[in-house]
Every structure is written in C-alpha cells, then in structure tokens.
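S.K.: Model the full structure from these sequences, guided by the hints.
Going by the UniProt record's numbering, 153 is the number at position 153 of the sequence shown; the sequence numbering is gapless.
Be a bit skeptical, because a hint or two may be false.
[Stated by the list, open to error] For lysine-lysine, the following DSSO-like pairs were computed, each having C-alpha atoms within a straight-line distance of at most 30 Å:
id: 1; residue 1: Lys-30; residue 2: Lys-139
id: 2; residue 1: Lys-122; residue 2: Lys-110
id: 3; residue 1: Lys-160; residue 2: Lys-139
id: 4; residue 1: Lys-30; residue 2: Lys-75
id: 5; residue 1: Lys-102; residue 2: Lys-75
id: 6; residue 1: Lys-160; residue 2: Lys-110
id: 7; residue 1: Lys-110; residue 2: Lys-2
Just so you know, the hints here were simulated from the structure itself, not pulled from any lab data.
Every value quoted in this text rests on a predicted model; they were computed, and no experiment measured them.
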Amino acid sequence: MKNVFAFIDGTKNRICRPSSRPGRGENLQKQVYSGHKRAHCLNYQAVVAPDGLTLHFWGPIEGRRHYSTLLRESKLMKYMEERASILDGYVLYGDPAYGIHKFLVSGFRKTAPTDTEQRFNKLMSSVREAVEWQFGSMKSLWAFIDFNKSLRLRLSPIGKYVLVSMLLTNCQCCYNGDNQISAFFGLAPPSLDAYLAK
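M.R.: Quick look at the structure:
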C-alpha cells in the first residue's frame, strides 16, 4: 500500500497493583486490570512514522479498555478529518482490532482469508511491527517506566513519566540520526534542532 504514511498501535504499560480503598465508591484494581494481559496496567496509543518518530502518543487510559476505546477517546480520527486536505488520501495502518475508518486501514479479519488476503496480512504485519519496536525502544532507553513496582497509581505521575519518555525517545532518534525503524525503512529522521523547533 503506497498511501500508508504511519502505523498505529497500543501498548499496555504494567503498573503496581493499586491498593483497595473501601468506602470511596471506586475499585481501581478492577479499572486498571487487563484480563488479556492478566496484569494491572495503563494503555497508551502511538502513531509511528517510517523515519522512526512517534507522531502521536496518547494516554493513559484504564488497562481494562480496548484499543478501539483509545482511538475514540484520543479523537485522532477527528483530528485527521479536520486535516483531510493535507493528508491527501494518505492513511494509517493498524492492527485489525482498530477496524476500518476513513483514515485508517487494517488487515483482513476473516476466519478463512483468501491466499491474497493472507499475503497482504503477513506483509503489512511485518511493517506494522515498527510501532512495537518503538515501544520496545522507549522501555529499553527509559527502563524505569517498565518497572511496575515503582509505578504506583496516585502516588506518582505515571502518565507523565511515559509521555515524557516517548518524547525523549524521539529526541534520541533525532540526535543519533536513526533507530531500528528508520534503518528498516531507509528514512532518516530530522535533526534534533529541526525536531525541537517545530
């Protein structure tokens, strides 16, 4: 697909199990628990470009929420709709869980896809991994955000830690002139000065 300009996906960042607080009418343990990962976590969404930079990073939202909720709550599709003339037919590519939107396409979600659909899914899945590489890079560079015992809800600004970590991951990519993603696609990121000037 020649009209895909970036890739979208979500990540679940594990946090310390919240203590129960009877009498406050809330159950934080239940809200942040992801049955899929069987862990307490917060969800984030990223849009990553082939030059290795994260163009959009949004979150956190409760760990129990689906990535489609992240997409809706982030209002990313509305943002893109307002800039449709700039996008000029370009779209994001995401996990099949995101579904199909005007500015977002995903793989075929059939139980018995045709050979052509299977090839398409396999090919696009291999390039969509760029988002996973970015999450991995962020957690590798700033390892404290992956240490769930120190990420205590209401006792530390977890969301700010993760958001700043992604910003610094972008800065590190620009400073070094590349990362795994930009090397894979053969596209250099802007200089750090150019990135920070925008």
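S.K.: Against each hint, give a clear statement of whether it holds in the structure.
M.R.: Hints, one by one, checked against the model:
1. Restraint check for Lys-30 and Lys-139: the C-alpha separation of about 25 Å stays at or below 30 Å, so the hint holds.
2. Note on Lys-122 and Lys-110: the hinted pairing holds, with a Cα-Cα distance of about 14 Å set against a maximum of 30 Å.
3. Proximity of Lys-160 to Lys-139 is assessed by CA-CA distance (about 14 Å); at most 30 Å being required, the pair is judged to hold.
4. The suggested pairing of Lys-30 with Lys-75 holds, with an alpha-carbon distance near 25 Å, which does not exceed 30 Å.
5. Distance check on the hinted pair: Lys-102 and Lys-75 sit about 13 Å apart at the alpha-carbon level, within 30 Å; holds.
6. Distance restraint check for Lys-160 and Lys-110: the Cα-Cα separation of roughly 38 Å exceeds the 30 Å cut-off, and the hinted pair is therefore not satisfied.
7. Between Lys-110 and Lys-2 the alpha-carbon distance is near 23 Å, which keeps this suggested pair within the 30 Å criterion.
Taken one by one, the earlier hints fail for this structure only at number 6.
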